[in-house]
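Asks: Chains as they are written, first to last, in the working numbering: chain A, 1 to 221; chain B, 1001 to 1223.
Everything labelled a hint here was simulated from the structure, so no lab data went into it. Don't take every hint at face value.
Unchecked claim - The list that follows gives simulated cross-link-like pairs (lysine-lysine, PhoX-like), each with its CA atoms no further than 25 Å apart: (1) A:K148 to A:K195; (2) B:K1211 to A:K115; (3) B:K1091 to A:K148; (4) A:K115 to A:K148; (5) B:K1203 to B:K1215; (6) A:K115 to A:K195; (7) B:K1091 to A:K83; (8) A:K192 to A:K148.
As the list claims (entries may be wrong) - Away from chain A, derived, C-beta distances all over 12 Å, residues of chain B: (9) Q1009; (10) L1026; (11) R1067; (12) E1069; (13) E1087; (14) K1091; (15) R1124; (16) P1126; (17) G1158; (18) F1183; (19) G1202; (20) N1204; (21) Q1216.
Stated by the list, open to error - Output of the computed footprint for chain A on chain B, the stretches with three or more beta carbons under 8 Å from beta carbons of chain A: (22) 1033 to 1039; (23) 1111 to 1118; (24) 1187 to 1198; (25) 1206 to 1214.
Heads up, the beta-carbon is just placed ideally off N, CA and C, and yes, glycines get one too.
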Amino acid sequence: MMNGNDREPAANVWAGGLILAVLAAICTALVAFTYRITAPRIAANEQAYLEQSLAPLLEGIPYTNSLSESTLVIPPPHELPGKGPAIVYRVYADDKPVAALFVVTAEDGFSGPIKLLIGIDTSMSITSVRILEHRETPGLGDLIESSKSDWLTQLDNTSLEAPPRDSWSIKRDGGVFDQLTGASITPRAIIKAVKRTLLYFEENRDSVFETEPPSQNGPSA
Amino acid sequence: MTDNNTILQTFRNGLWDDNPGLVQLLGLCPLLAITTTFVNGLGLGIATLFVVTCSNVLVSATRAWIRSEIRIPMYVLIIASLVTCIELIFKAYMPALDRTLGIFIPLIVTNCAIVARAEVFASRNPIGASMLDGLAMGTGFAALLCAIGAFRELIGRGSIMANLDMFFGGEPLSGLVIVDGGFLLAVLPPGAFFSLALAVAGKNHLDRRRKNAAKQGDRIHVR
Chain A
1 MMNGNDREPA
11 ANVWAGGLIL
21 AVLAAICTAL
31 VAFTYRITAP
41 RIAANEQAYL
51 EQSLAPLLEG
61 IPYTNSLSES
71 TLVIPPPHEL
81 PGKGPAIVYR
91 VYADDKPVAA
101 LFVVTAEDGF
111 SGPIKLLIGI
121 DTSMSITSVR
131 ILEHRETPGL
141 GDLIESSKSD
151 WLTQLDNTSL
161 EAPPRDSWSI
171 KRDGGVFDQL
181 TGASITPRAI
191 IKAVKRTLLY
201 FEENRDSVFE
211 TEPPSQNGPS
221 A
Chain B
1001 MTDNNTILQT
1011 FRNGLWDDNP
1021 GLVQLLGLCP
1031 LLAITTTFVN
1041 GLGLGIATLF
1051 VVTCSNVLVS
1061 ATRAWIRSEI
1071 RIPMYVLIIA
1081 SLVTCIELIF
1091 KAYMPALDRT
1101 LGIFIPLIVT
1111 NCAIVARAEV
1121 FASRNPIGAS
1131 MLDGLAMGTG
1141 FAALLCAIGA
1151 FRELIGRGSI
1161 MANLDMFFGG
1171 EPLSGLVIVD
1181 GGFLLAVLPP
1191 GAFFSLALAV
1201 AGKNHLDRRR
1211 KNAAKQGDRI
1221 HVR
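Excised from the complex, chain B in its bound form:
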């Protein structure tokens, strides 16, 4: 097993096979609530990616002292501190985005996808592997947030990637406006559930089709 293969497999797991949002169905509260636009999804995705990577590193670094009876308070302590730090950083460098994401930045603390990675992976693996796992899982979660955010923004508002200036500063950007206004339901809470359902169903469909194709391929080969 070469190193490159492990890295690829880890990212494959995070982005597709074991995606925290699509497969493990963890961290759904922020996922459903915040993905009204692409830029919101990207913002929360990056924040979550940062927190899960750092928390995996810290949990892995302290894993020699982790005792089973105090492991949950330890995870909470580490994750809560990291989230507070990132909230301060957002307030300092991306104030507009911070105003939009509001309460959902501090609420990253309660994202069970992060505690799950600490418990399942980081507390049992060396620092390097844990960091990689955090990066992969965080990227998978962020990618899903962006995808659902872009989808809901497109259907609900008829634009793509509006307000990217929240990230980079400068003049307000309206993004790519395709139609003015849209199907409002997509940006309301029910739209979040529909979008997630479509994403999960789409993933399962693709997986099944690939599996069937592989099976048929085998049969032909045997004959």
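Only chain A is shown next, with the shape it has when bound in the complex:
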């Protein structure tokens, strides 16, 4: 093989490149095929998981509308956490707004973005927070999942007044919220994202509820 390299390096490079290109094409086809087969099921799974996750955020809040029909998609750029579009499920009781559920993304998780579901009622306090999607370390950062530990419950019933907005960070950063043993980046990212969502809702409460679904334009921040 080394001899071949010495004699005809150019031919070798082309042949190697060609083999790699053909193999890449085959492999891409394989992935594309699998993607086509699984895509509808994956989308359905995510939808089901979302609906299942929405319920506990509205415990004790009576509402009358269908959540999936009151969806508001806020395209970027917006003031909410996350680079992509943010989703708001608006909750009404007899046409009166009672709460809003935000799907936002904390981009600064330990291993990539963390997708969060944040429930805020119209008195500006958090009903509950859930994790939708994350890639945090199993056994450490993944304790943010409500099925694995009750870390997230400390956010229940908080607002920008209680605790005061200057204390909206983890204890290591001088705030009031507990971090997780062995993982402070993950909790920090989540607390930051929740605070930003609260600030956004405070500024844009009326426009969030007034915009008719489906909306093309996000409320101006």
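With the hints as your guide, set chain B onto chain A.
Replies: Same frame as chain A, but now just chain B:
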């Protein structure tokens, strides 16, 4: 040498004599990180088994075109595509397990046990033998993942085989709860190292005892 004997020997190698985790000490990152419960170990074990078998078949099928200077990119291409496929399949059919294993499914790409089988075996052997080798090595790795997962779950949480519903769907299963709570260290990273060390030491001990027994048996026979 009959065919059955070869098959048996291949599986013996994969499961015991040449186990990728216990003897070759390859793929330790996912092995140590994911084995906090039996079901996690089983999930990653099956995913790895699938990837190593398919990658062995594909590498063996393309071995006529493999040139030494581009063999590593070829292996990576094949393994990465297979891992992407299995990640999609997990997301579609076992979403709960996919959420638990998280980043460690895509990270199968970096499991050096798989590249090692491609390089050492599949690139030099026919498709059938390579598939068998992949099955045996994958089973060996999966068995070790399950064993360490079960051990750590038992010590750390006091349960066995909890959350098997992640695989089969249906109602959440708490498995066999022996004691409530447990010795938390076992599910933390140090517990992973201790468990692996115990497994390797245990295997070596058994091997040595068997060797000594065989030697003594020989001596008696000679006398």
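Asks: Beyond 12 Å from every Cβ of chain A: is that where the Cβ of R1124 of chain B lies?
Replies: 14 Å, holds
Asks: Examine the stretch 1187 to 1198 of chain B for residues whose CB is less than 8 Å from any CB of chain A, and state whether their number is three or more.
Replies: holds (count 3)
Asks: Hey, does E1087 of chain B actually stay past 12 Å from chain A on C-beta?
Replies: Non-interface label on E1087 of chain B violated, nearest chain A Cβ at 9 Å vs cutoff 12 Å.
Asks: Within a Cα-Cα threshold of 25 Å, do K1203 of chain B and K1215 of chain B meet the stated pairing?
Replies: Given pair K1203 of chain B, K1215 of chain B holds - Cα atoms ~18 Å apart, limit 25 Å.
Asks: Given the hint that K148 of chain A pairs with K195 of chain A, does the C-alpha gap stay at or below 25 Å?
Replies: Answer holds: K148 of chain A to K195 of chain A is near 23 Å, not above 25 Å.
Asks: Once the closest CB in chain A is found, is it more than 12 Å from K1091 of chain B?
Replies: At about 5 Å from chain A, K1091 of chain B fails to clear the 12 Å cut-off, so the statement is violated.
Asks: Within a Cα-Cα threshold of 25 Å, do K115 of chain A and K148 of chain A meet the stated pairing?
Replies: Judged against 25 Å, a Cα distance of about 17 Å means the pair holds.
Asks: For the pair supplied as a hint, K115 of chain A and K195 of chain A, confirm whether the alpha-carbon distance does not exceed 25 Å.
Replies: Measuring from Cα to Cα gives roughly 15 Å; hence the hint holds.
Asks: Minimum C-beta separation from Q1009 of chain B to chain A exceeding 12 Å: can you confirm that?
Replies: Holds, since 31 Å exceeds 12 Å.
Asks: Verify that the Cβ of E1069 of chain B lies farther than 12 Å from every Cβ atom of chain A, and report whether the claim holds or is violated.
Replies: 6 Å, violated
Asks: Far enough from chain A: is every CB of that chain over 12 Å from the CB of R1067 of chain B?
Replies: Not fine: 6 Å to the nearest Cβ puts R1067 of chain B too close to chain A.
Asks: Next pair to validate is K1091 of chain B with K83 of chain A; report whether the Cα-Cα distance is within 25 Å.
Replies: At roughly 23 Å apart (the allowed maximum being 25 Å), K83 of chain A and K1091 of chain B satisfy the hint.
When the structure is compared with the earlier hints, violations turn up for hints 2, 11, 12, 13, 14, 23 and 25 and for no others.
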